[in-house]
Amino acid sequence: MRPIKEPVIYRIEQTSFVVDVEKQVLRQTDEQLNEISFINQMSDRGDHYLLAWDPATKNAAIDPAHGMTVVVPPLSRLDPEGMSQMYGVPLSELAGRTDFEIVVDPDALNKRRQGILPEIDIAGERFIIDLKLQELRHAANFSPVISLKSFELTDDGWHYEAFYEPVMKQVVDLDLKLTEFPNGIVKIKIPNEIGLDPVATARAYGMDERALLRRYPIPKELKAEVIPLSETQVPRLIRQNREQLRREHEAIKHRHQPGKQPRL
158 MRPIKEPVIY RIEQTSFVVD VEKQVLRQTD EQLNEISFIN QMSDRGDHYL
208 LAWDPATKNA AIDPAHGMTV VVPPLSRLDP EGMSQMYGVP LSELAGRTDF
258 EIVVDPDALN KRRQGILPEI DIAGERFIID LKLQELRHAA NFSPVISLKS
308 FELTDDGWHY EAFYEPVMKQ VVDLDLKLTE FPNGIVKIKI PNEIGLDPVA
358 TARAYGMDER ALLRRYPIPK ELKAEVIPLS ETQVPRLIRQ NREQLRREHE
408 AIKHRHQPGK QPRL
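Per the numbering used here, the very first residue in the sequence shown carries number 158; after that it's consecutive.
A couple of the hints might just be wrong.
Pairs of lysine-lysine, BS3-like flavour, derived with a Cα cap of 25 Å [to be verified]:
| hint | residue 1 | residue 2 |
| --- | --- | --- |
| 1 | K346 | K334 |
| 2 | K377 | K180 |
| 3 | K326 | K380 |
| 4 | K334 | K289 |
| 5 | K377 | K344 |
| 6 | K334 | K410 |
| 7 | K380 | K289 |
| 8 | K289 | K377 |
| 9 | K334 | K306 |
| 10 | K268 | K380 |
| 11 | K346 | K289 |
| 12 | K215 | K268 |
| 13 | K306 | K346 |
| 14 | K380 | K344 |
| 15 | K346 | K326 |
| 16 | K306 | K344 |
| 17 | K289 | K268 |
| 18 | K380 | K306 |
| 19 | K344 | K334 |
| 20 | K380 | K180 |
| 21 | K268 | K377 |
| 22 | K377 | K326 |
| 23 | K377 | K346 |
| 24 | K344 | K326 |
| 25 | K306 | K326 |
Now the in silico label distances, taken between C-beta atoms and shown as ranges [said to hold, decoys possible]:
| hint | residue 1 | residue 2 | range |
| --- | --- | --- | --- |
| 26 | L331 | V165 | 33 to 39 Å |
| 27 | S249 | A296 | 32 to 38 Å |
| 28 | I273 | V324 | 24 to 30 Å |
| 29 | P392 | I166 | 47 to 53 Å |
| 30 | A296 | R270 | 17 to 23 Å |
| 31 | N340 | E405 | 21 to 27 Å |
These are computed hints drawn from the structure, not numbers from a lab. We put the beta carbon where it would ideally sit given N, CA and C, even for glycine.
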């Protein structure tokens, strides 16, 4: 069992902060809600960050011109072990890399900027992700094509999900009145646009690519979650439909029952 890693503490003046490499923030040790973001509240200069420090709020100054300039070391120097574990870069390879180059795989980013589209594994088949056309194309034959518009956004907004027929390689609609499990159908869940292709998402919405990639780096491997129907709401729907069908049959049977014969 891996021992619990001691948190790394960084101090600005007399205030102590925990270095959180996952969220890329400094979190005040005695005021957990007070965080300073390396991405949004500091200026990344490669080998260091510049922070406009407000001693009153112990956070970044609202107006940088009125803040005290503090030089903050990169995350790779503050917590090299944490950065290595978090982003899968050996400790020996951290030297000479900026935080951005550790968080975001340079090779993956270069390929994406050269126009090479990302791919996702869906039930053992590779599909090319094309957000510009809002579709997933089979990587081997460029067909079939799955429209991203055929997916439903999850309640949390971070995933798309749909019912899927692996043989036909297509998203399908279920009969809302079904009373049996449909053969071969599963439910799949994939990331939203940011998770599928953060570079294309930044371009489409006019977002800062560098800042977005720091928060949502290009995934090393994309694979749809395949969920059996037995673990979805389908069993409940089947039970409800069967019960409704039973009540309808009972009503029909009752209507056709012969009435009592009158006495003579």
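Outcome of the hint check:
1. Distance check on the hinted pair: K346 and K334 sit about 23 Å apart at the alpha-carbon level, within 25 Å; holds.
2. Distance restraint check for K377 and K180: the Cα-Cα separation of roughly 19 Å lies within the 25 Å cut-off, and the hinted pair is therefore satisfied.
3. With a C-alpha separation of about 15 Å, the suggested pair K326 and K380 falls inside the 25 Å cut-off, and the hint holds.
4. With a C-alpha separation of about 36 Å, the suggested pair K334 and K289 falls outside the 25 Å cut-off, and the hint is violated.
5. Proposed proximity of K377 and K344 is supported: the alpha carbons are some 23 Å apart, at most 25 Å.
6. The straight-line distance between the Cα atoms of K334 and K410 is roughly 21 Å, inside the 25 Å bound, and the hint therefore holds.
7. Pair hint K380 plus K289 holds up; C-alpha atoms about 20 Å apart against a cutoff of 25 Å.
8. For the suggested pair K289 and K377, the alpha carbons sit about 21 Å apart, so the restraint of at most 25 Å is met.
9. Under the criterion of a C-alpha separation no larger than 25 Å, the hint pairing K334 with K306 is consistent with the structure, at around 23 Å.
10. Using a Cα cut-off of 25 Å, the hinted pair K268 and K380 holds, with the two alpha carbons roughly 19 Å apart.
11. The hinted pair formed by K346 and K289 meets the criterion: a straight-line CA distance of about 20 Å does not exceed 25 Å.
12. Taking the CA atoms of K215 and K268, the gap is about 41 Å. The hint is violated against a cut of 25 Å.
13. With a C-alpha separation of about 14 Å, the suggested pair K306 and K346 falls inside the 25 Å cut-off, and the hint holds.
14. Between K380 and K344 the CA atoms are separated by roughly 13 Å; this keeps the pair inside 25 Å, and the hint holds.
15. About 14 Å separates the Cα atoms of K346 and K326, which keeps this hinted pair within 25 Å; it holds.
16. A distance of roughly 16 Å separates the Cα atoms of K306 and K344; the hinted pair therefore holds under the 25 Å criterion.
17. Of the supplied pair hints, the one linking K289 and K268 holds, its CA atoms being roughly 17 Å apart against a limit of 25 Å.
18. For the given pair, K380 sits about 19 Å from K306 by alpha-carbon distance, which is consistent with the 25 Å threshold.
19. In summary, the hint linking K344 to K334 is supported, as the alpha carbons are separated by about 18 Å, within the 25 Å threshold.
20. Between the alpha carbons of K380 and K180 the distance comes to roughly 23 Å, so the proposed pair stays at or under 25 Å and holds.
21. Taking the CA atoms of K268 and K377, the gap is about 12 Å. The hint holds against a cut of 25 Å.
22. Taken as a hint, the K377 and K326 pair is honoured in the structure, with Cα atoms around 24 Å apart against an allowance of 25 Å.
23. Among the hinted pairs, K377 with K346 is consistent with the structure: their alpha-carbon atoms are about 18 Å apart, no more than 25 Å.
24. Annotation: proposed proximity of K344 to K326 holds, straight-line Cα distance about 12 Å (limit 25 Å).
25. A C-alpha spacing of about 16 Å is found between K306 and K326, which places the hinted pair at or below 25 Å, so the restraint holds.
26. Between L331 and V165 the C-beta distance comes to about 50 Å, which lies outside the given range of 33 to 39 Å.
27. For the pair S249 and A296, the beta carbons lie near 34 Å from each other, so the given range of 32 to 38 Å is met.
28. Remark: the range hint 24 to 30 Å for I273 to V324 is upheld by a beta-carbon distance near 29 Å.
29. A beta carbon spacing of about 50 Å between P392 and I166 agrees with the range 47 to 53 Å that was offered as a hint.
30. The given range of 17 to 23 Å is respected by A296 and R270, whose C-beta atoms sit roughly 20 Å from each other.
31. Evaluation of the 21 to 27 Å hint for N340 and E405 yields a pass: the beta carbon distance comes to about 25 Å.
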